[in-house]
Amino acid sequence: MDRSRRNFFLGAGAVTVGAAALTAAPPAEAATSPAGDPAHRWAMVVDVRKCVGCQACTVACIHENHVPDNSFRTIVSTYEVTERGKAGTYMLPRLCNHCEDAPCLPVCPTGATFQRADGIVVVDNSVCVGCAYCVQACPYDARFINHATQTADKCTFCVHRVDAGLLPACVETCVGGARVFGDLKDPDSAVSKLLKAENPKVLKPEQGTQPRVFYVGLDPRFDGKVDGTPTLWKPAAQKHDSKEHV
Amino acid sequence: MDTQIVELVNVTREVAWLPWAVQYFFLIGLSVGGVLLSLPGIAFGRAEWRKLGRVALVVGLTCGLAAPVALLSDLHQPGRFWHFYVVARPSSWMWWGSLFVPFYVAALLLYAWAAFRPELADHGRGEGRIAALYRMAAQGEGCARLTRMAALLVLAAGALVALYTGVEVALVKARPLWNTPFLPVQFLMTALAGAAGLVLLLNRVVGDGDRGVEEQANRLLAVALGGVMALGAAWFALGLFGLDATHAQALASVAGSEAWRVTAVWAVLATLVPFVIALAKPVGTGWITGLIAVHSAWMFRWTVFIGGQSLPKTGAGFYEYALPAGPEGMLGIVGTLGLWVLLLAVVTLVLPTPPKPLPAPGPQRAAHGRTVAAE
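Which chain is which? The protein sequence lines are A and B, in order.
Position one of the first sequence corresponds to residue 2 (this note's numbering), numbered consecutively onward.
Position one of the second sequence corresponds to residue 42 (this note's numbering), numbered consecutively onward.
Hint data in this document are derived by calculation from the structure and do not stem from the laboratory.
Be careful, since some hints might not be right.
Claimed, not checked - Below 27 Å or equal to it, Euclidean Cα-Cα: the simulated DSS-like pairs (lysine-lysine) are: (1) A:Lys197 / A:Lys51; (2) A:Lys205 / B:Lys214; (3) B:Lys322 / B:Lys214; (4) B:Lys354 / A:Lys205; (5) B:Lys214 / A:Lys226; (6) A:Lys51 / A:Lys87; (7) B:Lys92 / A:Lys202; (8) A:Lys205 / A:Lys51; (9) A:Lys51 / A:Lys226; (10) A:Lys87 / A:Lys194; (11) A:Lys202 / A:Lys51; (12) A:Lys205 / A:Lys194; (13) A:Lys205 / A:Lys226; (14) B:Lys354 / A:Lys226; (15) A:Lys51 / A:Lys186; (16) A:Lys186 / A:Lys205; (17) A:Lys202 / A:Lys186; (18) A:Lys226 / A:Lys87; (19) A:Lys194 / A:Lys51; (20) A:Lys202 / B:Lys354; (21) A:Lys51 / B:Lys354.
Unchecked claim - To spell it out: a stretch of chain A is covered by chain B in this simulated footprint if at least three of its residues, at any positions, have a beta carbon under 8 Å from a beta carbon of chain B; those stretches are: (22) 107–117; (23) 125–135; (24) 224–232.
For every residue, glycine included, the Cβ atom is placed at its ideal position computed from N, Cα and C.
Could you build all of it, start to finish, from the sequences and the hints given here?
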């Protein structure tokens, strides 16, 4: 049984999720407040064995969240690994880990960054002063300054979609079914079952942040700062010009 | 195992704390350093330190007034600075800083006013509108007790600023290079060295080139640079011998980089050379030791902030950094420098260095004249 595929997730647990998009009456999830529903603890399990590195998630995220040029809320880090004369490719989707003990939270001097009751870490960009302290504090390089808003930005698990009973855009679009999203407080959810069955790992466990993005098939050589030759690929050479976003 | 990893696709995160932040930490450090150097002569009545204290106070005042502008500019939403003051966020050292910085600037202005009151009063002893303005600014004669009280206040505020600026950065566990208890002390010691360096320069540029001040400042500089080297050696030893995991990780993260090795050699030379000169020849070398010391204090902060942010937290190798020409880069640096020069011009225009006492007549005068001409 292929439990981690998107179709399974949708079929097994998310009939209401599909209905949310089709019916006028919102499901129960859509009624949750902006502070989140404490009855849920949203999380993601990424099965790197199924990731094909197509970057569909990267593109879907950019479109869904209007992420500016040269910025990424999620990306699939791709590595060429040569071992005993054989070369292979390793893909590692990266995003905000929505940590249980998120180091970006206590450093925020204005309270713009906060964690909802359902565990999703968000930034109120009408409050954020763009001091970038949270950018420094995040051990995963998941945060950046959005030059359209001049505030801190990051993955929100597509909170607007989740509140409407939908899946995050990256999960929805993942062709390999590598990304699975769900509720840790529901023992029958796909993520809960994967956690029990696969014993997935997290990035940088030594930081003690308790990430809520888990990885199945995570090679320990990639769970922290990767020791390798850096990428030759860089974002577009043209520098951000704040005027173009005004 | 013979494994080779090449990163094909990854994100490059740009620096989020801009050169404005370097300027802020540099200027606020020099300001606190200048205030500390001014205390013996200005506040605690040590006559032999009085002249150096005056120059150090000018350093503290001008740098302390320019620094908050750089800090504000480093915010990507500077117009929202008031958001700091409508919440209580005691878990954030930056929030504490938003309280400490205005407290420090207010205490600094009070201290400078109290210290300069006798000079203001002196300028006010005359006729005309300007003299009246001086009298208004002086509000009477100097008061040693008030100066001492203000000095204690600015000392407390300066200690809080030194504490928060260091701890704020040192607590960032995500960056091993920053996450060291050495960093607050390193910031303070390099700030003292930079302040002594700037005293040496201002003694020449806007002061009267007093040789006694030069010698005192060079001695102080040597002490501060000695402290900087001791701290650097201890940090390096902890990393090199693996005595502490974070330090070892920090050292390992940069040890393989040719650019970082060059930077390390440069930093050692920029500390060792003025240290040796200041010890061996404390008179007549103020220009060179001062310039190198100021450069060294600035470079330390540039390396910590810009260099530190060029280390990816998850990706391979290093992020590239090229100094932009606009406000996010060179313009910010030059603009801050320009603001400081303006403040220095205003302060020295309002409070010109008191004239030297008339030199003694006879051969001594001629000798002095030759010495000056030979410089």
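Now the hints, each set against the structure:
1. Between Lys197 (chain A) and Lys51 (chain A) the CA atoms are separated by roughly 19 Å; this keeps the pair inside 27 Å, and the hint holds.
2. A C-alpha spacing of about 12 Å is found between Lys205 (chain A) and Lys214 (chain B), which places the hinted pair at or below 27 Å, so the restraint holds.
3. Restraint check for Lys322 (chain B) and Lys214 (chain B): not satisfied, since their Cα atoms lie roughly 43 Å apart, outside the 27 Å limit.
4. As the CA atoms of Lys354 (chain B) and Lys205 (chain A) are separated by approximately 10 Å, the hinted pair is consistent with the 27 Å bound.
5. Our distance criterion of 27 Å between C-alpha atoms is met by Lys214 (chain B) and Lys226 (chain A), whose separation comes to about 14 Å.
6. Restraint check for Lys51 (chain A) and Lys87 (chain A): satisfied, since their Cα atoms lie roughly 20 Å apart, inside the 27 Å limit.
7. A threshold of 27 Å between alpha carbons decides the hint, and for Lys92 (chain B) with Lys202 (chain A) the separation of about 64 Å lies outside it, so the pair is violated.
8. In summary, the hint linking Lys205 (chain A) to Lys51 (chain A) is supported, as the alpha carbons are separated by about 21 Å, within the 27 Å threshold.
9. As the CA atoms of Lys51 (chain A) and Lys226 (chain A) are separated by approximately 22 Å, the hinted pair is consistent with the 27 Å bound.
10. Using a Cα cut-off of 27 Å, the hinted pair Lys87 (chain A) and Lys194 (chain A) is violated, with the two alpha carbons roughly 35 Å apart.
11. Annotation: proposed proximity of Lys202 (chain A) to Lys51 (chain A) holds, straight-line Cα distance about 16 Å (limit 27 Å).
12. For the suggested pair Lys205 (chain A) and Lys194 (chain A), the alpha carbons sit about 23 Å apart, so the restraint of at most 27 Å is met.
13. For a cut-off of 27 Å, the pair hint linking Lys205 (chain A) to Lys226 (chain A) stands: about 8 Å separates their Cα positions.
14. Of the pairs offered as hints, the one joining Lys354 (chain B) and Lys226 (chain A) holds, with about 6 Å between alpha carbons and a cut-off of 27 Å not exceeded.
15. This hinted pair checks out: Lys51 (chain A) and Lys186 (chain A) have alpha carbons roughly 25 Å apart, not beyond 27 Å.
16. Between Lys186 (chain A) and Lys205 (chain A) the CA atoms are separated by roughly 24 Å; this keeps the pair inside 27 Å, and the hint holds.
17. Annotation: proposed proximity of Lys202 (chain A) to Lys186 (chain A) holds, straight-line Cα distance about 19 Å (limit 27 Å).
18. Simply put, Lys226 (chain A) and Lys87 (chain A) have alpha-carbon atoms about 23 Å apart, close enough for the 27 Å limit, and the pair holds.
19. Between Lys194 (chain A) and Lys51 (chain A), the direct Cα distance comes to roughly 17 Å. Compliance with the 27 Å bound is thereby established for this hinted pair.
20. A C-alpha spacing of about 18 Å is found between Lys202 (chain A) and Lys354 (chain B), which places the hinted pair at or below 27 Å, so the restraint holds.
21. About 25 Å separates the Cα atoms of Lys51 (chain A) and Lys354 (chain B), which keeps this hinted pair within 27 Å; it holds.
22. Counting residues of the segment 107–117 of chain A whose beta carbon lies closer than 8 Å to any beta carbon of chain B gives 7, which meets the minimum of three for the stated coverage.
23. Residues of the segment 125–135 of chain A lying with their CB closer than 8 Å to a CB of chain B number 7, which satisfies the three-residue condition for coverage.
24. Counting residues of the segment 224–232 of chain A whose C-beta lies closer than 8 Å to any C-beta of chain B gives 8; at least three are required, and the coverage claim holds.
In this structure, the earlier hints numbered 3, 7, 10 are contradicted, and the remaining ones agree with it.
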